[in-house]
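J.: Listed here are the chains, written in short residue letters.
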Amino acid sequence: MNRIVSKLNEDKKLLSIYFTAGYPEINDTVSIIQDLEKNGVDMIEIGLPFSDPLADGPTIQDSSTAALKNGMTTEVLFKQLESIRDTVSIPLIIMGYFNPMFQYGVEAFCKKCQELGIDGLIIPDLPVDVYHNEYQAIFEKYGLINVFLITPQTSDARIRYIDSISNGFIYMVSSASTTGAKSGFGDEQTAYFERIGKMNLNNPQVIGFGISNNETFTQATKYAKGAIIGSAFVKHVTKHGVKTIDSFTKSILN
Amino acid sequence: MTEKMKLKICGMKYQDNMEQVATLQPDYLGFIFYEKSTRHFNSESILELPKSIKKTGVFVDADIDFVLEKINKHQLQAVQLHGKESPEYCNNLKKRHAELVSISHPIEIIKVFSIKDEFDFSILKPYEQVSDYFLFDTKGKLPGGNGYTFDWNVLNNYPSTKPFFLSGGLGLNEVEKINQFVNSKASRYCYALDVNSKFEIEPGLKNIEDLKTFKKNLSTILDNNKEIVMNYNVDEKGYYGEFGGAFIPEMLYPNVEELRQNYLKVMAEPDFQKQFDKLLKDYVGRPSPLYYAKRLSKKYNTKIYLKREDLNHTGAHKINNTIGQILMAQRLGKTRIIAETGAGQHGVATATVCALMGLECIVYMGEIDIARQAPNVARMKMLGAKVVPALSGSRTLKDATNEAIRDWINNPVKTHYIIGSAIGPHPYPDMVTRFQAVISEEIKWQLKEHEGRENPDYVVACIGGGSNAAGTYYHYLHENDVKIIAVEAAGLGVDSGESAATSVLGKEGIIHGCKTLLMQTKDGQITEPYSISAGLDYPGVGPMHAHLAKTGRAEFMAITDDDAMNAGLELCKLEGIIPAIESSHALAIFEQKTFKPNDVVVMSLSGRGDKDLQNYIDYFKI
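Heads up: the sequence lines are chains Y and A, in that order. According to my numbering, the first sequence is numbered sequentially starting from 1. According to my numbering, the second sequence is numbered sequentially starting from 1.
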């Protein structure tokens, strides 16, 4: 069974962490993944940096620019991940924009992911209908779960469609925004979380965008199976380096 | 002719017969709701047909309520109007259909015109925006079904790009004639063949064997003519060949989808048309002149016409699009406008229309561009816009576009994003092209006045993202006798590493929401272009142009900074016109390519050089 699916079946709320591969230093990738697992993180999104990250706020933009400057490429990332499954067993997802994958070759990319033990992909600018018509068969051939986003503006009909195409979880974007911390969730968000909860979707939901601390994590996981933290974690490593991951995860989980 | 010529079988009456005809898989089946016709369809229901067959109701001056009732009752997907229905009638029908029946599946309107031996095509014009297809039938005693053909050569003069149905007397004896027709210019926009009486045992009862034979013959004809089957316009999925589409994060989906569902509908509204045309005339100053450049022509020993977009209000073609989009934004109930700009021309054009309409305006501009385009920054501010520096990445146009897209993600409800070029997710490239198409629409009649013909030998335009080029080519895309030249910026030279010649250096990829040719590393990171002209300094090219490059429909040329600057100065001295540096790139082709003395070359002079004065001063040490 795909590691993402087994993890979703566990009876607990999940903490998922995003980081930008190649940041702060080019060779931090493996140690970040290992430390995150060691400190109780349930799932990891490995960010493949892109020159023009449209859906990201300043924190992830800057880390992406820095990672590219450090020399991060698709090839380099794949090389770094070669033995990752010797030491890490939690689900690993690659999150990135479509163009680098498209240039690598979508099928070659998926094949490589399977070889390395990657469990899924999140590609914000690959629309669900294009995936459905052109790429779903390839993803499935290599056992990869593709995760789609929904937002407060997504219509019920489209959510149902996305749910029908999904086979892992649905990434619930907390508010109409790019990535990066907001100051907590208001009534509008909780109403949206409740609305989605009542839809009884086939796939569990994981909330992302705007989760930055214990309070927002707790709030989000009240309504969803888990929550994803990206910008706040990237900020943490920018400020405190990669040796203090334990203090970050503790601040979220306790 | 358009992609694959469709087949419509009309005058269905009997259920059993219908079932047999349906097995032939025609694209349309016609049902006549006109009591005086011997093929009048008066059954209570139509049996269930395969989804690929569009059920078409044929009406003659019927009451709209009656038409809507039939559409509803029989689940019709198209209506064919055979009487004297007015453009307003068509428009009302569409509107009321959207209100009462279905907003997501607009009814196709096929408006019929009967041709004897001659036809005044100007009567089609008011129907352009309110119908989906035209149908040409033989003029006879009855409204349709007279059983003989008209002279199809008349269609050589078809002035429109709207796809049409060919009807009237088509039978097995006409197969050879159809073969010739498919091979001729007259069939260029022929979308479908419509057959009826020549395949009947008695009125309303079709001869299946004959239809089978006809369909087989038609397939053979079409298979033999594959090479002329090429469409340069956007298809229903938003693609130009393999380019285009909408590669956008889910956060943008509701906005882009709202636009996609509405843009053609809104543009078809007579009120919208009227307002757009009026503003172009009274505010922008259109039509812009088509000027015969006598001294320039003499120097290069050919006939050069300049389409003077530089004389538009705000100094470039950009305003055609911003006028269109601000009206669109108002129709969609948006109150806040955002835009990206490189050199500031599109920013100024957007700030201008926002001032005109009293809407809030935010323009994103790369920090580096803000520093080098100070006068345009000042203009935007004077016009009431807020100019926000893009601080990420290379801090130029590409990054300004990223920032505008991020703004839209963060403000999804009341904001409209006015993209300035023929780029972005579908429907932007097509919408921008349609607003800019006024350029080639005018060239057609203006050139006719000058030269007695609508088609030049060449149309030429410079290309960054490609909006002025798209507008200049639009009405000529399917005119095979018109050659298309696209001029890109080579910067310091195509191989210098400092260039913006996307058609040469670019590879297929995704930028700003569409699949197109773009400059990138082999790892798929988008690279920085370079050109002395800020308007051409973009790492991609619109998807329509990528398709034109790939298919070879357009010839792409690359012009260096130096050659462009010299050509710009030459125009000043020979014709008394100071061109924008973007347009100077197009002008520079005359040094590189020899035209025949009798060739008529129409070139879009996309903008005026006022904004580039400092560049000219620095370059020539004036």
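A portion of the hints provided could be inaccurate.
Claimed, not checked - Part of the chain Y face toward chain A, derived, beta carbon under 7 Å:
1) Gln61
2) Pro124
3) Asp125
4) Ala176
5) Gly180
6) Ser183
Unchecked claim - Straight-line alpha carbon distances no greater than 25 Å define the calculated DSS-like cross-link-like pairs of lysine-lysine that follow:
7) Y:Lys79 / A:Lys522
8) A:Lys215 / A:Lys6
9) A:Lys95 / A:Lys265
10) Y:Lys225 / Y:Lys250
11) Y:Lys69 / A:Lys507
12) Y:Lys112 / A:Lys522
13) A:Lys139 / Y:Lys111
14) Y:Lys182 / A:Lys95
15) Y:Lys235 / Y:Lys38
16) Y:Lys235 / Y:Lys198
17) A:Lys237 / A:Lys265
18) A:Lys162 / A:Lys278
19) A:Lys298 / A:Lys483
20) A:Lys95 / Y:Lys111
21) A:Lys596 / A:Lys162
22) A:Lys95 / A:Lys139
23) A:Lys162 / A:Lys139
24) A:Lys278 / A:Lys54
25) A:Lys448 / A:Lys215
26) A:Lys507 / Y:Lys112
27) A:Lys95 / A:Lys278
28) A:Lys299 / A:Lys281
29) A:Lys70 / A:Lys265
30) Y:Lys69 / A:Lys522
As the list claims (entries may be wrong) - Pair by pair, the computed Cβ-Cβ distance ranges are:
31) A:Lys414 / Y:Asn133: 26 to 36 Å
32) Y:Ile138 / A:Leu264: 44 to 54 Å
33) A:Tyr14 / Y:Ala191: 48 to 58 Å
34) Y:Ile138 / A:Gly140: 52 to 62 Å
35) A:Lys596 / Y:Glu140: 52 to 62 Å
36) Y:Thr190 / A:Gln330: 29 to 39 Å
37) Y:Ala191 / A:Lys386: 26 to 36 Å
38) Y:Gln136 / A:Asp61: 43 to 53 Å
39) A:Gln15 / Y:Asn133: 47 to 57 Å
40) A:Leu264 / Y:Gln34: 51 to 61 Å
Read the hints as simulated data drawn from the structure, not as lab findings. For glycine and all other residues, C-beta sits at the position ideal for the given N, C-alpha and C.
J.: Would the pair Lys507 (chain A) and Lys112 (chain Y) pass a check requiring their Cα atoms to be no farther apart than 25 Å?
T.: holds (23 Å)
J.: Assess, step by step, whether the Cα of Lys69 (chain Y) is no farther than 25 Å from the Cα of Lys507 (chain A), and give holds or violated.
T.: holds (22 Å)
J.: 29 to 39 Å was suggested as the range; check whether the CB atoms of Thr190 (chain Y) and Gln330 (chain A) agree with it.
T.: holds (34 Å)
J.: Next pair to validate is Lys215 (chain A) with Lys6 (chain A); report whether the Cα-Cα distance is within 25 Å.
T.: holds (10 Å)
J.: Under 7 Å is the threshold here; is the Cβ of Asp125 (chain Y) close enough to any Cβ of chain A for the hint to stand?
T.: At 5 Å from the nearest chain A Cβ, Asp125 (chain Y) passes the 7 Å test, so the hint holds.
J.: Does the alpha-carbon distance linking Lys79 (chain Y) and Lys522 (chain A) stay inside the 25 Å limit?
T.: holds (17 Å)
J.: Between Gln15 (chain A) and Asn133 (chain Y), does the C-beta distance stay in 47 to 57 Å?
T.: The hinted range 47 to 57 Å is violated for Gln15 (chain A) and Asn133 (chain Y), with Cβ atoms some 36 Å apart.
J.: Between the alpha carbons of Lys182 (chain Y) and Lys95 (chain A), is the straight-line distance 25 Å or under?
T.: Judged against 25 Å, a Cα distance of about 43 Å means the pair is violated.
J.: Has the given pair, Lys278 (chain A) with Lys54 (chain A), been kept, meaning a C-alpha gap of at most 25 Å?
T.: violated (38 Å)
J.: Range hint 26 to 36 Å: satisfied by the CB atoms of Lys414 (chain A) and Asn133 (chain Y)?
T.: holds (32 Å)
J.: Quick one, are Lys596 (chain A) and Lys162 (chain A) close enough, alpha carbons at most 25 Å?
T.: violated (33 Å)
J.: Holds or violated: Lys235 (chain Y) with Lys38 (chain Y), Cα cutoff 25 Å?
T.: holds (20 Å)
When held up to the earlier numbered hints, the structure conflicts with 5, 6, 13, 14, 16, 20, 21, 22, 24, 25, 28, 32, 39 and fits the remainder.
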